[in-house]
Amino acid sequence: MSRGTASLAQTALQTDEAALIRAAQAGDQDAFAQLVRVYDQSVLRLAMNLLRSPEDAQDVYQEAFLRVYKNLNNFRFDCSFHTWLYRIVTNLCLDQMRRRKVRKEEPTVVEGGEGLVDRMDTVAEPRAEADPQRKLFSGQVRRRIKEVLGGLTPRERMVFELRHYQGLRLRRIGEILGTSEEAAKNCLFRANQKMRAALGDFV
Amino acid sequence: MNSNTCDEIRKQLAMLLYGELSFDEEERVETHLEKCADCRTALERERALLSAFDQVAVEPSPTLLRQSRERLFEQLQSEPAPQRAHGQSWWDRLIDALPVPSAILRPAGAVALLAVGFFGARLAPTIGGFSGADILASRVRSVEPAGDGTVRIVLDETRQRTISGGMGEAPIRALLLAATRDASDPKLRASTVAILGTQTGPEMTPNVTPDMASDVRDALVFTILNDQNDSVRLKALEGLKSIAMQPDVRNALADVLLADANPAMRNQAIDLLMQGLESSSAPAVDPRTIGVLQELMSREEKNTYVRQRSQKALELVNASAEIF
Chain F
18 MSRGTASLAQ TALQTDEAAL IRAAQAGDQD AFAQLVRVYD QSVLRLAMNL LRSPEDAQDV
78 YQEAFLRVYK NLNNFRFDCS FHTWLYRIVT NLCLDQMRRR KVRKEEPTVV EGGEGLVDRM
138 DTVAEPRAEA DPQRKLFSGQ VRRRIKEVLG GLTPRERMVF ELRHYQGLRL RRIGEILGTS
198 EEAAKNCLFR ANQKMRAALG DFV
Chain X
14 MNSNTCDEIR KQLAMLLYGE LSFDEEERVE THLEKCADCR TALERERALL SAFDQVAVEP
74 SPTLLRQSRE RLFEQLQSEP APQRAHGQSW WDRLIDALPV PSAILRPAGA VALLAVGFFG
134 ARLAPTIGGF SGADILASRV RSVEPAGDGT VRIVLDETRQ RTISGGMGEA PIRALLLAAT
194 RDASDPKLRA STVAILGTQT GPEMTPNVTP DMASDVRDAL VFTILNDQND SVRLKALEGL
254 KSIAMQPDVR NALADVLLAD ANPAMRNQAI DLLMQGLESS SAPAVDPRTI GVLQELMSRE
314 EKNTYVRQRS QKALELVNAS AEIF
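Sequence lines, in order, name chains F and X.
Under our numbering, the first residue of the first sequence carries the number 18, and numbering increases by one thereafter.
Under our numbering, the first residue of the second sequence carries the number 14, and numbering increases by one thereafter.
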């Protein structure tokens, strides 16, 4: 019963979205604004988690939606709007991550009065604030986890982000990244192995 | 246990937790886990490893999101409208010519649902081009009374917008009512219920129909019964003062007396209930309220104030009963 209701609601939502896209394609600015609002929080979250810099995340956000705006009339409903948008966003993030790898930048951590300060703390809310476990979690382990994530290749990092944090299925991830489900799975598998190797003693 | 099998199974544990194994693979892993304690331990370690990564996840702050939206829409203002890639067919033109009501198009967000729940189809009037459909797509950031009887409401849309209007205007009231249920911002809820509280008295704003007044009452009643924040509840209770004799309000006050964990709320509620009972225009008290008062006599051992007032209320009701 509840499953039936959910899928009905989902269908209604998809129909609404298609109508919104068509309205935006016809030049309705408000419809475009509404489309942005449906997805922009998760876009910003994705960029923040991957790039760990509010400035870079904002740049990706800005560029992604500008591209969507400029190319909306080329969108032909061959895939879902979500997939199309995420293709743009993940490409922008991957470019940025690769540039950083070349320059060996580490933008998230700046030198503060008492050592290293995570700048993300000033612009981001911890996702599990109410979780008492979080308080017990030592800073050392958190630092180590960030190092592990930083040590993954951009593609591994991306697949892990999309699967673990954004909860997307591997099939969808393959679609977004222009690869097969199997390749996405292998990527996630490699990421997981690296994590276990690096953090096996901690957890 | 065959260590080769165990090695193979362990490689699949993460995929098992992500629900990304095929039916057959999952079956094979589950069957093995039932027999192998070592692999079950490994599964728990895998679970712990993955959940450890949740601890470094971040959620963009509302400020960052707002700034991003503002920046984007500033930029879009200076962008030329997107060009059609291909010529339109007659069918496209026909479709495009159809009016698209944005209230129907909008994916249902929490605020939208609330606004619909409160106001239903009555959202016809507009203020400064601001229609009912816009309301459904907006979030109230802050509210403040303007002194001349009107209210100033700052909206978070993709762009921020401010609208002003009197309490009798439907869009203004709809926004205020939606703001009473904005779970993310207790300060907003507190200032909103304070403004709504001024609308319950006999000298309420002209142009407010009794029907609309009942919307406000329902919102305040909902708040005293459901809001998680003590000061928001207290403010809403204050707003019900002038209509404490109404049966629905009286019922809600009784519920507060029975269920609210905050003694200040219960003190205030018993005062309002008394005041309602003392009022000359008060309708006869219903058996439920009497039952609640009697229960309070035996329950409120710690809060003597509530107990004494309950006793007084009961005496009052008995006295009144002879007159009715």
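Think of the hints as simulated: they come from the structure by calculation, not from any bench.
Take the hints with a grain of salt, since some may be wrong.
What the hints assert, rightly or not - Over the 12 Å line for every Cβ pair with chain X, so calculated as not near, a few chain F residues:
#: 1; residue: Asp57
#: 2; residue: Arg69
#: 3; residue: Asn108
#: 4; residue: Thr170
#: 5; residue: Pro171
#: 6; residue: Arg188
Claimed, not checked - Okay, the calculated beta carbon distance ranges per label pair:
#: 7; chain 1: F; residue 1: Arg188; chain 2: X; residue 2: Ser64; range: 21 to 31 Å
#: 8; chain 1: F; residue 1: Arg116; chain 2: X; residue 2: Pro158; range: 48 to 58 Å
#: 9; chain 1: X; residue 1: Glu92; chain 2: F; residue 2: Arg116; range: 24 to 34 Å
#: 10; chain 1: X; residue 1: Asn280; chain 2: F; residue 2: Val158; range: 18 to 28 Å
#: 11; chain 1: F; residue 1: Val158; chain 2: X; residue 2: Tyr318; range: 42 to 52 Å
#: 12; chain 1: X; residue 1: Asp268; chain 2: F; residue 2: Thr196; range: 52 to 62 Å
#: 13; chain 1: X; residue 1: Glu40; chain 2: F; residue 2: Gly167; range: 52 to 62 Å
#: 14; chain 1: F; residue 1: Arg93; chain 2: X; residue 2: Glu92; range: 18 to 28 Å
#: 15; chain 1: X; residue 1: Pro158; chain 2: F; residue 2: Val158; range: 45 to 55 Å
#: 16; chain 1: F; residue 1: Val158; chain 2: X; residue 2: Thr54; range: 15 to 25 Å
#: 17; chain 1: F; residue 1: Arg84; chain 2: X; residue 2: Asp231; range: 37 to 47 Å
#: 18; chain 1: X; residue 1: Glu40; chain 2: F; residue 2: Asn91; range: 41 to 51 Å
#: 19; chain 1: F; residue 1: Gly184; chain 2: X; residue 2: Glu92; range: 28 to 38 Å
Note that CB positions come from ideal geometry on N, CA and C, so glycine has one too.
A quick look at each hint next to the structure:
{"no.": "1", "hint": "Asp57", "in the structure": "7 Å, violated"}
{"no.": "2", "hint": "Arg69", "in the structure": "8 Å, violated"}
{"no.": "3", "hint": "Asn108", "in the structure": "18 Å, holds"}
{"no.": "4", "hint": "Thr170", "in the structure": "17 Å, holds"}
{"no.": "5", "hint": "Pro171", "in the structure": "17 Å, holds"}
{"no.": "6", "hint": "Arg188", "in the structure": "9 Å, violated"}
{"no.": "7", "hint": "F:Arg188 x X:Ser64: 21 to 31 Å", "in the structure": "24 Å, holds"}
{"no.": "8", "hint": "F:Arg116 x X:Pro158: 48 to 58 Å", "in the structure": "52 Å, holds"}
{"no.": "9", "hint": "X:Glu92 x F:Arg116: 24 to 34 Å", "in the structure": "26 Å, holds"}
{"no.": "10", "hint": "X:Asn280 x F:Val158: 18 to 28 Å", "in the structure": "48 Å, violated"}
{"no.": "11", "hint": "F:Val158 x X:Tyr318: 42 to 52 Å", "in the structure": "51 Å, holds"}
{"no.": "12", "hint": "X:Asp268 x F:Thr196: 52 to 62 Å", "in the structure": "57 Å, holds"}
{"no.": "13", "hint": "X:Glu40 x F:Gly167: 52 to 62 Å", "in the structure": "37 Å, violated"}
{"no.": "14", "hint": "F:Arg93 x X:Glu92: 18 to 28 Å", "in the structure": "21 Å, holds"}
{"no.": "15", "hint": "X:Pro158 x F:Val158: 45 to 55 Å", "in the structure": "50 Å, holds"}
{"no.": "16", "hint": "F:Val158 x X:Thr54: 15 to 25 Å", "in the structure": "20 Å, holds"}
{"no.": "17", "hint": "F:Arg84 x X:Asp231: 37 to 47 Å", "in the structure": "46 Å, holds"}
{"no.": "18", "hint": "X:Glu40 x F:Asn91: 41 to 51 Å", "in the structure": "44 Å, holds"}
{"no.": "19", "hint": "F:Gly184 x X:Glu92: 28 to 38 Å", "in the structure": "33 Å, holds"}
Going through the hint list in order, the structure does not satisfy hints 1, 2, 6, 10, 13.
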